Amino acid sequence: MITIALSKGRLAEKALDLLEAAGYDVSAGREESRKLILEDEKTGLRFIMAKPSDVPTYVEYGAADIGVVGKDTLLEEGRNLYEVIDLGFGACRMCVCGPVSLKGKLDQIPNKRVASKYPNITRAYFEGTKKESVEIIKLNGSVELAPLIGLSEVIVDIVESGRTLKENGLDVLEVVADISARVVVNRVSMKMKEAEILPMIDALRKQVAIRNAQKAAEGK
Amino acid sequence: MGNYRFHTPDGVIDILPQDASVKRKIESDLRELFSGYGYSEVETPGIEYYDVYSSENFVATEDLYKMTDMDGRIISLRYDGTIPVARLAATLMKDEKPPLRLSYIGNMYRFKKTGGGKLREFSQAGVELLGIQNSEADAEVIALGIQSVLQTGITDLQVSIGQVEFFKGLADEWGLSADDASELSTAIDQKDIVRIEKTAERLGLSEDAKEILDMISGKFGTYDVLDAFEAKVKNATSLSALKNLREILDVLSDYELLQYVSIDLGMLRSLDYYTGVIFKGFTYEVGFPILGGGRYDKVISTFGRDMSAVGFSLGINLILIALRRQDKLPEFVEVDAIVGYADGEGMRKAAFATAKELRAMGNKVVVDTEHRSEEELDAYAEEHGIDQVVFIEEEEDSEEDENT
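Going down the list, the sequences are from chains B and X. Heads up: the first sequence runs through residues 0 to 219, numbered per numbering that gives the first Met the number 0. Heads up: the second sequence runs through residues 0 to 403, numbered per numbering that gives the first Met the number 0.
Since the hints were made in silico from the structure, they are not lab data. Check each hint, because a few of them may be wrong.
What the hints assert, rightly or not - Lysine-lysine pairs mimicking DSS-like chemistry, simulated, CA-CA at most 25 Å apart:
hint, chain 1, residue 1, chain 2, residue 2
1, X, LYS117, X, LYS348
2, X, LYS112, B, LYS190
3, B, LYS192, X, LYS327
4, B, LYS190, X, LYS355
5, X, LYS111, B, LYS50
6, X, LYS96, X, LYS112
7, B, LYS190, X, LYS363
8, B, LYS190, X, LYS233
9, B, LYS50, X, LYS167
10, B, LYS205, X, LYS218
11, B, LYS190, X, LYS209
12, B, LYS190, X, LYS297
13, X, LYS231, B, LYS192
In this text, all values refer to a predicted model and were calculated from it rather than measured experimentally.
Can you make the complete structure from the sequences, with help from the hints?
This is the structure in structure tokens:
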């Protein structure tokens, strides 16, 4: 039995589509119900529907063998996992954002206050990459408010279209990381259930390659 | 703040009778196994000077439990078994001729995130083989590691063997800077194919190099893996790492343990610490390795003695979890027999003598301290699941009494 932890919502749907395209029977995972564990004895697949930020925890502790989760969550949680496939969907960027007037002047502000839902990513970026100490303010949503109302100078957040930013007079100042959905595998499961997991990874990689090629063709 | 007197701190646990009995059995079996291979047990202190661990960045200092002593020096709870043994080998045992075969069983303390079976206080058993730098020594330690796990009752064991010099040789051959090598090795260790490819692209690696990186992430097996890499790799360091692995497999095959191992050259952790073979052992139902080890030839020299070393440690608490979840815990019997006695001259003394005989045969024996009658004793044994009841009474007289 392979246990797959999915991030509840759109990401789960897309992950199931991909597994199906790769030749797996995922009807158990699609069952319309409030059940949190969806198991199919026949296919040997068990899906658990978890909050996205909990998926890396389930996989690291071995409660799930495989997980599908955004790179943002992986960076924030910092778990010790195999990160085997970039699924390509859910693509966006983790950015430092602030008032347009700060463009190119970010480094001139001393003792910055940075608001974010992602305190660990923020710390790693400013302390690790930029070698700079900042005050981090943890928020749980509508992070764009913080610089508007004077709670912080800048924010670190996910940017998809950038529309919310524009409408509030904010802009991307620096890019921290590219984000997309990833497949992660527990380090022990990879060894103990190699016979099931390796073929699944291969099949998924093939599907991703096909989709990327299609996208590239459409782009041209 | 609340009142904590009913609780144990995060990451530490009480171990109840059944687990304690299994744990002690495992520890004493391991002790016997280690000494049977000529490894002598040492006991190092539960506290060390902080410098022992911090000086050479052997461990992340955030993970050390720290205190100060009366003179203001920083001390730390024992983090692992290896570093104190290395200190010991270079100091108190510096005049002992190599090789040294040493073992330890003890509690370690790590101030880390807990969960999934990981604790902040946990028991490790391990061995260190010091002063021999060859494949036979590597293989002996791996073989002993495998046998240790099997000894605990775990039968599903998968040991992955890697060799950090293999990657170091490639990094040199490709002219990677320390930072680039570290970036690439982290990506390989996480099997993050996308990052491996991106990094390879950025570094402008050749097609040949990319093919090797592909093989590192995807090839597992035994001799077939080594054959494939030997045909592909050119630098001397990597080739000698492959030769080391081949020799280890040969020795393990003579130990008849080859079925438990596979080669994984993508295991690339603690590259500053390890200098040769590394290995990890896995079983079902626990999310972390239960066995880990490798060759660390540079550690003891930091304590002033030039001495090669290879060792492993075993996570006893994780093994207990695995045994329970795999339904392999032996049946736990608290008491095999209860001995009661009737009133009368010499009866208690006879009961003690009987109990002593039963204990000598390996039974767990309780002598009744509440003067139960034979019927009461039977009922008590029934209730507590005690198999055997012995009641001491004056034979002849009681027989006659009953008959009249």
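How the hints compare with the structure:
Taking the CA atoms of X/LYS117 and X/LYS348, the gap is about 50 Å. The hint is violated against a cut of 25 Å. This hinted pair checks out: X/LYS112 and B/LYS190 have alpha carbons roughly 24 Å apart, not beyond 25 Å. With a C-alpha separation of about 20 Å, the suggested pair B/LYS192 and X/LYS327 falls inside the 25 Å cut-off, and the hint holds. Taking the CA atoms of B/LYS190 and X/LYS355, the gap is about 50 Å. The hint is violated against a cut of 25 Å.
Taking the CA atoms of X/LYS111 and B/LYS50, the gap is about 24 Å. The hint holds against a cut of 25 Å. As the CA atoms of X/LYS96 and X/LYS112 are separated by approximately 41 Å, the hinted pair breaks the 25 Å bound. Using a Cα cut-off of 25 Å, the hinted pair B/LYS190 and X/LYS363 is violated, with the two alpha carbons roughly 41 Å apart. About 29 Å separates the Cα atoms of B/LYS190 and X/LYS233, which puts this hinted pair outside 25 Å; it is violated.
With a C-alpha separation of about 40 Å, the suggested pairing of B/LYS50 with X/LYS167 is violated against the 25 Å cut-off. Restraint check for B/LYS205 and X/LYS218: satisfied, since their Cα atoms lie roughly 18 Å apart, inside the 25 Å limit. Pair hint B/LYS190 plus X/LYS209 holds up; C-alpha atoms about 24 Å apart against a cutoff of 25 Å. Among the hinted pairs, B/LYS190 with X/LYS297 is inconsistent with the structure: their alpha-carbon atoms are about 30 Å apart, more than 25 Å.
Using a Cα cut-off of 25 Å, the hinted pair X/LYS231 and B/LYS192 is violated, with the two alpha carbons roughly 28 Å apart.
In this structure, the earlier hints numbered 1, 4, 6, 7, 8, 9, 12 and 13 are contradicted, and the remaining ones agree with it.
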